[in-house]
Structures are given as C-alpha cells and as structure tokens.
Amino acid sequence: NAGVTQTPKFQVLKTGQSMTLQCAQDMNHNSMYWYRQDPGMGLRLIYYSASEGTTDKGEVPNGYNVSRLNKREFSLRLESAAPSQTSVYFCATVDRFEGGRRNIQYFGAGTRLSVL
Amino acid sequence: EDQVTQSPEALRLQEGESSSLNCSYTVSGLRGLFWYRQDPGKGPEFLFTLYSAGEEKEKERLKATLTKKESFLHITAPKPEDSATYLCAVQALRYYGGSQGNLIFGKGTKLSVKP
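As you go down the protein sequences, you meet chains Z and F in turn.
Each step along the first sequence adds one to the number in our numbering, with nothing skipped, and position 35 is 35.
With positions in the second sequence counted from 1, the corresponding number in our numbering is that position plus 1000.
Any given hint could turn out to be false.
[Said to hold, decoys possible] With a straight-line cut-off of 16 Å between C-alpha atoms, the simulated EDC-like cross-links for lysine to aspartate or glutamate are:
{"id": "1", "chain 1": "F", "residue 1": "1107", "chain 2": "Z", "residue 2": "38"}
{"id": "2", "chain 1": "F", "residue 1": "1042", "chain 2": "Z", "residue 2": "38"}
{"id": "3", "chain 1": "F", "residue 1": "1110", "chain 2": "Z", "residue 2": "38"}
{"id": "4", "chain 1": "F", "residue 1": "1059", "chain 2": "F", "residue 2": "1082"}
[What the hints assert, rightly or not] Listed next, with one range per pair, are the computed distances between beta-carbon atoms:
{"id": "5", "chain 1": "F", "residue 1": "1040", "chain 2": "Z", "residue 2": "12", "range": "16 to 24 Å"}
{"id": "6", "chain 1": "Z", "residue 1": "54", "chain 2": "F", "residue 2": "1056", "range": "21 to 29 Å"}
{"id": "7", "chain 1": "F", "residue 1": "1056", "chain 2": "Z", "residue 2": "71", "range": "31 to 39 Å"}
Note that these hints are calculated values from the structure, not bench results.
For each residue, glycine too, the CB sits at the ideal point set by N, CA and C.
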C-alpha cells in the first residue's frame, strides 16, 4: 500500500521549459490536491479536484494547469516554467468519514523543482 | 479573511524539557483544526484533528487542545526524535460539498530537541 506517490522526486528546469508533475493514489479517495511549499510561506493550495472529472482553482493557480486523469491520478503541468515556480510541490488526497475521522488530508513525499 | 498564525517560528528544547506550540486562528466558522508533523524532505504526516472547543487528543508525548481562538500542541518530556516542523491547519465551514476538505495552513513551528 503505497498511499500517495509523486514523480519525479527532483527536477531542474530552464526558464520557459514545460513539465508535468504526476500524482497517483491507491487509497480510493475522491478528492485530490496540489500544494506548493516555500520557505516562510507555508503550504499554499494551487488546484484541487473534488472528484473525478472536476477541478477548481486554489489560492495560487496562475502559471499552472491540472488534469484529473481518473480517480487515481491527478497531474500538475507547468507550461512555461519561471524561476518564481521554484518550490516543493505536494500532492494530497482526502478521506471522508472513516472511523470517525473526517476530511483528513494525506500527503505524498513531494517533488523538489528548481527553475533556473 | 481566514488566517492561521503559529508561534514561535522555531523552538529549541533540551531533551525532557516540556513546552507548548501555539496555533491562533481566525476563521468564519470552524469545521476542524488539524495538526501535522513534517520531517525534512518529507510530506506532512497527520497527527490530530480537533472539532470543538474543549476537545483534547493525545498521542505518546503529544497532546493537542482547542479553544475558540487557538490550539496548543503540548510536548511532554520531548526526545530528539520529536524534532520536526509542526504544522497547524483549519477547515472552514464556508467550504462545503467538494471543497469542504480544503485546508488553510499556518507557516509552522520548527522544533529542535537536543540530547
């Protein structure tokens, strides 16, 4: 049971290059999230998908696109990377009402992205 | 505007020296307050959820409490392995349906416990 798997773990891009960050979960959760984490800024929501087939903007969506490919997979795309997008990106999924717990987010290990 | 403020930003303790971390929140109706632990190079790991004022949760050396304006994470007799960044986050009632799981995070408290 891998939980939430993110690929790649590390990536270096040049300004203007594009790339897709992948996230896959085997927890059978409906909702998935993409965050970025910067020093001194905390975790900020980029996009989320409440269920398969739906996506919505979070706090900092500019410069990103997402695709909810199926229930398991949620990808984040940078079409033209900028140095300001250097960050650590986390994917998370949310369970609902399991064993008395509600709306707990479970995180992947992150993708560390540098844009030069 | 919904907001979460954690203090202190960093805390250094000697092994066995108990202390508390603070999480103050301003939210238009609280659905839940969450504590996470984050180790360097890893994703946040869920610790506790608190739903209403007066509620308390415990796990090993950690105890989380909740009032109407803040939450405390009490660490009793900490060990070096408790060193990590502790994150606080809230879910607001104004989010419903598919967005009810959305979290607003604080910036975290970095805890270092020296032997």
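For each hint, the structure was consulted:
1. F:1107 - Z:38: holds (10 Å)
2. F:1042 - Z:38: holds (14 Å)
3. F:1110 - Z:38: holds (14 Å)
4. F:1059 - F:1082: At roughly 12 Å apart (the allowed maximum being 16 Å), residue 1082 of chain F and residue 1059 of chain F satisfy the hint.
5. F:1040 - Z:12: 16 to 24 Å: Taking Cβ atoms as reference, residue 1040 of chain F and residue 12 of chain Z lie about 20 Å apart, which means the hint holds.
6. Z:54 - F:1056: 21 to 29 Å: violated (36 Å)
7. F:1056 - Z:71: 31 to 39 Å: Cβ of residue 1056 of chain F to Cβ of residue 71 of chain Z: about 36 Å, so the range 31 to 39 Å holds.
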